[in-house]
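S.K.: These protein sequence lines are chains A and B, in that order.
If you use my numbering, the first sequence corresponds to residues 12 to 328, in order.
If you use my numbering, the second sequence corresponds to residues -13 to 261, in order.
The hints are simulated quantities; they were obtained by calculation from the structure and are not laboratory data.
Do not take every clue at face value.
As the list claims (entries may be wrong) - Quick list of the computed label-pair ranges, beta carbon to beta carbon:
#: 1; chain 1: A; residue 1: Ile319; chain 2: B; residue 2: Leu66; range: 36 to 44 Å
#: 2; chain 1: A; residue 1: Gly88; chain 2: B; residue 2: Glu207; range: 51 to 59 Å
#: 3; chain 1: B; residue 1: Gly164; chain 2: A; residue 2: Arg292; range: 32 to 40 Å
#: 4; chain 1: B; residue 1: Phe12; chain 2: A; residue 2: Leu174; range: 17 to 25 Å
#: 5; chain 1: A; residue 1: Pro99; chain 2: B; residue 2: Asn176; range: 22 to 30 Å
#: 6; chain 1: B; residue 1: Leu241; chain 2: A; residue 2: Trp42; range: 45 to 53 Å
#: 7; chain 1: A; residue 1: Ile319; chain 2: B; residue 2: Glu207; range: 45 to 53 Å
#: 8; chain 1: A; residue 1: Pro188; chain 2: B; residue 2: Leu238; range: 54 to 62 Å
#: 9; chain 1: B; residue 1: Phe12; chain 2: A; residue 2: Trp42; range: 33 to 41 Å
Keep in mind that this is a model prediction, so the values were computed, not measured.
Using N, Cα and C, we set each Cβ at its ideal position, and we do this for glycine too.
Listed below are the residues making up each chain.
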Amino acid sequence: MSVSTLQTSLVDRAPVTRLTAPVRPAAKRGWRYGLTVAAFLLPSAVPLALFVLVPMVSAAWISLNDWNLITAMQFVGLDNFVELLADPRTAAVFGNTLYYIVGYLPLVYVGGLILALALNRALRGRSFWRGIYFLPVVTSWIAVAIVWRWLLNPNNGVVNTVLGWVGIDGPGWWTEPAWSMPSIILASAWKDLGFVMVILLAGLQAINPDLYDAAKVDGAGAWTRFRHVTLPMLSPSTFFVVVISLINGFQVFDQVYAMTGGGPAGSSQVVVQQIYDLTFRYGAAGEASALSWMLFAVILAVTVVQIIGQKRWVHYA
Amino acid sequence: MRERTTSRTGWVVLHIAVILGALAMFFPFLWTFITSITPGAGFSITPRLWPENPSFAAYETLFTERPFARVVTNSLMLALITTIVQLFTSATAAYAFSRLPFRGRGVVFAVYLATMMIPLQVLVVPLFAQLKTFGLLNTYLGALLPTFASAFGIFLLRQAVNQVPRELDEAATLDGAGHFRIFFSIILPNIKPALATLTIFAFMGSWNSFLWPLIVLRSPELQTLPIALAGLQGQYTTAWDVVMAGSVISVLPMLALYIFAQKYIIQGVASSGIK
């Protein structure tokens, strides 16, 4: 699922209401009207039902079976879940995913905020610079991952070469267990920085200038204005960035697959990489489905907690 | 709200910081290109800012030794079909949710929105099994089918259709136009900016998508760019010029589209962040 798909679903939480008054009383609408509705709705309803709803339900069924994708399924009840919970690798992949999120989110948020604040000022060629910072967002994760593998190449990559100039012996980056996750985090932050910047910039531009004037009259300095006007007024955008980043963070895969494949020694094995490996490497599709449902449950729980918790810190103007 | 920068020095410092930051952000793109035209870039040769013997040999390798012409065609074709179908299914659904009241519409719309919350990873195994049953593994159709309807696209276009004044429909109804006429001659021409935004997002999504094509398209001649690119990495472990040339080919069309349609892309993202 792409970033943009999620965005909208979370932002527009307005109650689903009927926006139109019926053109004619319902009783008078006959089968012809029914056909019209069907003609407009079926092109989207059929694919969504067949390729989202049906697989969703069958994933639940598969998770209760032993299955290697080839021979017949064998019903095992909740065994897959029990095995996963007992398996230390499960805790490890959730731990690695959490490590990714904890490293990535502050980096991309603080970076995006600094950029948004800078570009919110009277700046020459603002939209050009904004365009440059946004560029990585439109590129494919595989290309980005490959480029970063090259930049972070321990032997003759640019980063270690530059570090060498100032006398620092660069680490082995993605070739070293301790540095594989930081490498992925670095590349991810670079790619998503522009996205966060654009969201926060839109939030900043929506702040009423009168609030700053009022704060100045009250003698508030730059820091106080930032702390007591900008941050609270920006909280809806911040909330949005945090929710989206957490959802996407738990689903991190493309960059891991292309940069490290989960290695070295499983040091960057994340949940989705594990789902992929269980299915296509170890022929344990039942366990993979169980794990994917566990992941979904975690994402849902984290998102719901944030939506409930937002009352404490998000200020809607 | 745009704050005035107070001092002249502040103004200069701000500009220098923004420009240096932009250079740092852009550098990986530049380096990708430079590496791709440095013959033999790899373990022994570190590319310089300007290579001694620049050459496009790596690109030639991709198109002669590797099936890159085919791969690019595949990506282009899948992205175009996905985009066209998504525009169609999203626009018709948007019309139904905005203009065709029926019992239970609110519930149906809620279900549509809920499909956006389901991670692809949950669907991968059963989708794989489903397509296997129908013999659609390793076919373009198998890669395409799950992309045909996008709840995001429907949502985006519904917002746009809602903003088209209802007086226009009513006037057309008085002239004897039915729903199909209203849809084609009134609604579609009035939501062009939203259609443009969806076109870009659908194309971008398909062009860059990885996990699903990776699973469905196993034979080399069916592969899309991101998959072929990931494969290159395994085959040319030390020939970075070849791998980087592949990256350039995959990034270039998106850059072109981006330069051309920056306004729609950034507005699309920005508007999603505001309530």
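S.K.: Kindly indicate which numbered hints from before are broken by the structure, ordering the numbers from low to high.
M.R.: Numbers 2, 3, 5, 8, 9, in rising order.
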